[in-house]
Each structure stands twice: as structure tokens, then as C-alpha cells.
Amino acid sequence: MTDQDYSETASPPIPHAGAKTVAIIAMTLLLLSGFVLYVMFARGVFEDTQRLVLLAENSEGVTIGMDMTFSGFPIGRVERIDLGEDGKAHIHLDIPTRDARWLRTTSMFTLERSLVGGAKLRAFTGVPEDPPLPDGARREVLIGDASAGITQLVSSLHQVTDNLVRMTAEESPLNASIANLQAVTGAMTGPHGALEGLLGASGAQSLRESLKETNQLLASTQARLHGKEGLMDDAQRVTRELNTLLVGVRGSLQKTDALLDDARAIAANSRAATEDLDALRNEVEASMRRVSRLIEEVNRKWPFARQHELKLP
Amino acid sequence: MISPPAALASSQPPLEGRAPRHGWLRRLLVREWHLLVFASTTMVALLSPATYDREVRRAMVQAVSSYAWQALPGYALLSVLGGAVLTHIIAVSAASYGLSHLALEAVVRVYVVELLPLVAALFVAMRSGLDFLGRLARARARGVDFRSAEPFRRLIVPGVAGNLLAVLALTLVSGLLVLMTAYLVAYGVTPWGVGTYTRLVGQVFDPVTAPTVLLKILLFAIAVAIAPVSIVLDSPRRAARGGEVRVMARLLLVLLAIEVALLLLLHF
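In order, the protein sequence lines correspond to chains A and B.
Each residue of the first sequence is one higher than the one before, starting from 1 at the first, in this note's numbering.
Each residue of the second sequence is one higher than the one before, starting from 1 at the first, in this note's numbering.
Read the hints as simulated data drawn from the structure, not as lab findings.
Cβ atoms here follow ideal geometry from the backbone N, Cα and C, with glycine treated the same way.
Don't take every hint at face value.
To be verified - So the derived label-pair ranges between C-beta atoms look like this:
#: 1; chain 1: B; residue 1: T196; chain 2: A; residue 2: E112; range: 15 to 21 Å
#: 2; chain 1: B; residue 1: V189; chain 2: A; residue 2: V127; range: 38 to 44 Å
#: 3; chain 1: A; residue 1: M40; chain 2: B; residue 2: A95; range: 56 to 62 Å
Go ahead and model the full structure; you've got the sequences and the hints to work with.
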């Protein structure tokens, strides 16, 4: 086979094929090495880490590579899970040194399992001022399992179902009550209506007779009250007489009022006279004081008689 | 210098000629064994620097340019569009079930890890593999004797190298672009999701998954590159009876077998 034969089987020559081939090979190698480095970086190969071991009752739902979060941010990764000599699951975590500052000696760790999605490892730090968590620390993990309540729920449902079966059984009290209710409602459709359902046939008949007698009693009472010369007529006559009597009493009271007014006027005059007597007494006392001062003056001016004794009239 | 494999020399006419006394199973096993030996020899020749003299290099750069370089832009665009649409669909569906935090992980696991390598291999097989197959069929029709060293080096080795590199380049480039597209669709144009996204990628590509994916890409590339060459192992009569269809069907089976085997390795 000649060169021409080979070239005839080939496609038309592509310009700059050498450069393109080098570019393809270089790009492939670059992408390959870049991918490997990126995955190593993403796996935290280049990070300084410290170890934390969490002890759990069981490691269901925990997988290698899963995150442990703090405030929703991943701060560690499960590196290994093994069954310890104490029968507990030992979950080994790698915590990058820069994220380990969030973990303190008093930090709490939880493993939560939900019905949908995988398990979640969470860390909680209540007192950020506590000493930092040392490398290689071992801590118990608290497990919160949403599906753990399902067993209890199923057990309760069994009880509820049993109760329902008992309640709806042939000889159950509920069935008997419903039968009685049916008998009562059947009686209510009888000639005496609902009364027969409530009181029975004889009771309904007695009640009807009592009602009839009550009606008769009411009729006779009405005749006695409102009939001719009945109690109502007497009451009206007494009321009229009482009205007349009250008019007389009102006149007497008016006269008494006038007497009282006169008495009040006399009392006022007496008070005025008393006030006049007070004024007179005051004037007499003033005149006496003037006479006294006059006598003292005369005695002072009379040179021979220095008798200080003063005799009042 | 690598010579054409002994399997090629011994397999050409005799397989069908000696058939009457052997069962079909024996013929099948012998044929597959010859194919395996031939594929191994070709790979060794591909990795041997002595293979690449001036003529082989020239033929190889033409093949790589034609199979890998020319296919790259179209396939990259296609994978980006597919990645964007798939990411959006999965993100919206996951959000409606309240599982948004699982959407990106699903995209990376399903699309980047499982689908992209298979789609890239099929794309190269349909585009370049068929072209390579046609060239080999034409050469065979011209009476080229593949038992000699020259056709092996100047026809088979460049074609195999071109297809191999095409699968590797297309898968890696499309994988990278889809990872970037998924990030942009999920987070938007912001740098603040890079940390979370990197962590997610790190979770998906764990120490078992990452080598498995690389191994899968490599096996797909080898299968797509070698499959067209198997036509030269067929006898002329067998090749005339739908040889190309048989080659592509066998390739599909091999790709599925690799996929299933690696899935078993990965998940069990």
C-alpha cells in the first residue's frame, strides 16, 4: 500500500493539526490533574485537622464523609466509624483547625435522624468562653430519632383499634345503647308522639289527662277573677276609695305645712330681738367705760384729793 | 517497534474456515480472545514512543484534530445546555418536595458521574468511531493487508489514539463545564457558594468514587477506540454481512458491561 493509498482513506488534512493536538493533550492532562487536585482540596487533604471521637449507642445513618455542622455550617467530616471495645459506635471526625475554635470543652454533640434524608451530626456550644476542645477528645453523642416514636405510635394504634372492635362488637354496650335509641325513636312515631318515647304509653296518657284538668282549672279561675262581681271588680272599688282617702290626707298635710311656716317666722323674730339686746348691752358697757375714764381724769386734775379709790355707781 | 499482533495475523481467514468442527461458543470465545490480545497490543503500541515516527505522528495529529478538536465545541455546548436544563429541573422538583439541599448532589451524582462519561463515549463512537470504521472498511476493500506492520501503524494506531483522546477530552471538558453550569444555575453569579459547593463535590467524589469515575472514563475511551478496529479481525465474508452494525452493537454491550460492573463496584 502506498502513501497515496493511506491518504486516500484519510479525511482532508486539517490546518495546524499539530498545535491542536498539543492543545488537546495539554488540556486533557491539565483538566485531569486539576480535577484530582480539586477533589483532594474538596476532601480537605491539604487542611490541618484535629481528631474528635464521638461515642454513640448506634451508628445508623452515619456515613463516612458526612458533615458535622455547627450553626448550620459544616465544620467537620466523618473519617471513620468503628465498633469500640465498650460496644459503642466510635465516630471519628476530622475537624479543620480553623473550624475547631467553635468547639469547646462543654460543647454538646447530637445525632439526629429524620424520616426523610440522612442523619445529621450537630455541635452546640453554649459557653464560647470555655477552654477549646483538645485534640483527640472523646465525647458522648446525644441521639434524637424521629422514627423511634413510630413503634410507640403503632402500639397505641393497636390499643385504639382493639377498643374500637370492642365498642362495635355485637354485644357491646354501645350497640345496646344504639338499639335502645332506636326503640325510643320508634316509640316517638306512635299516636302520642315524642311524649310516648319519653314517658311511655301510660305516662303520656296521664300527662294528657293532667293537661286537660289544668285547662279546666284555668277556665274556672278566669271566671272567678274576671266574671261579674269577681275579685277584679272588688279590687277596682277598693282602689277608688283609697284614692279619695289619699286626696283628704294631701289637704291635711298642706295645712300642716302652713302652720310650720308660721312657726318658722316666729322663731326668726325671736332671733332678731335677741340680737337687739346684745347691741344694747354693748352700748351700756361702752358708756360705763367712758364714765370711768372721765372720773379718772377729774381725780388727776383735782390736786388735794389723791384718793385712788373709785366707787362705781 | 511494535508489530501487528499475532492474533491479527492468525485470525484473518481461518476463523470461519475451520468452523464446521467447532461449536459457536468456541468460535465466539476464540474471536473475543483474539480481540482482547489485539486490543492489548494496540494499547502497548500506543504507549510505546518507538511507534511514533514521522508518518505516524502526522497521521495521529490529523486524527486527533479531526476526532477530538473538531467535536469539542459542539459537544461542550450541548453538555452545558443539557446540564443547565437538568439542574433547573432537578432543583425545581427538589424544592417542591422541600429537598433543595439534595438537588445539586443529585445533579453531580447522576449527570457528572454517571451520564456524562457514557454520553461522551457514545457521542465519539457515533461521530468519530463510525468514521474510523469506514476508513478501515475502505482500506480493507482496497486490499490492505493488516497483518503487515505498516497499515497497523499508519491506520490503526492514529485512529485509536484520536478516539481515545476524544473520549477523554470531551468527558473531562464537559464534566468541568457542567459542574460550573450547575453551580451558576443553583447559586447564581456569586462567589459565596463556592465553599459549600466544593464541600459537596468533595462528598460526592469520595476516595472510592473518584478513582472509579476516572477508571470508567479510561475504560470507555479504550472501548470506543478499540471497537472499530475489531472489524479487521473479521473474515471478509463476515465483514460483508453487516460488519459495522455488529461492531457498534458490540461496543454498546461493552459500554453497558463496564457501566454495570463499575456500578456494582461502587455501590456494593
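Results for each hint:
1. B:T196 with A:E112: 15 to 21 Å: Given range 15 to 21 Å: holds, Cβ gap about 20 Å.
2. B:V189 with A:V127: 38 to 44 Å: holds (40 Å)
3. A:M40 with B:A95: 56 to 62 Å: Distance hint for M40 of chain A, A95 of chain B is violated at roughly 32 Å.
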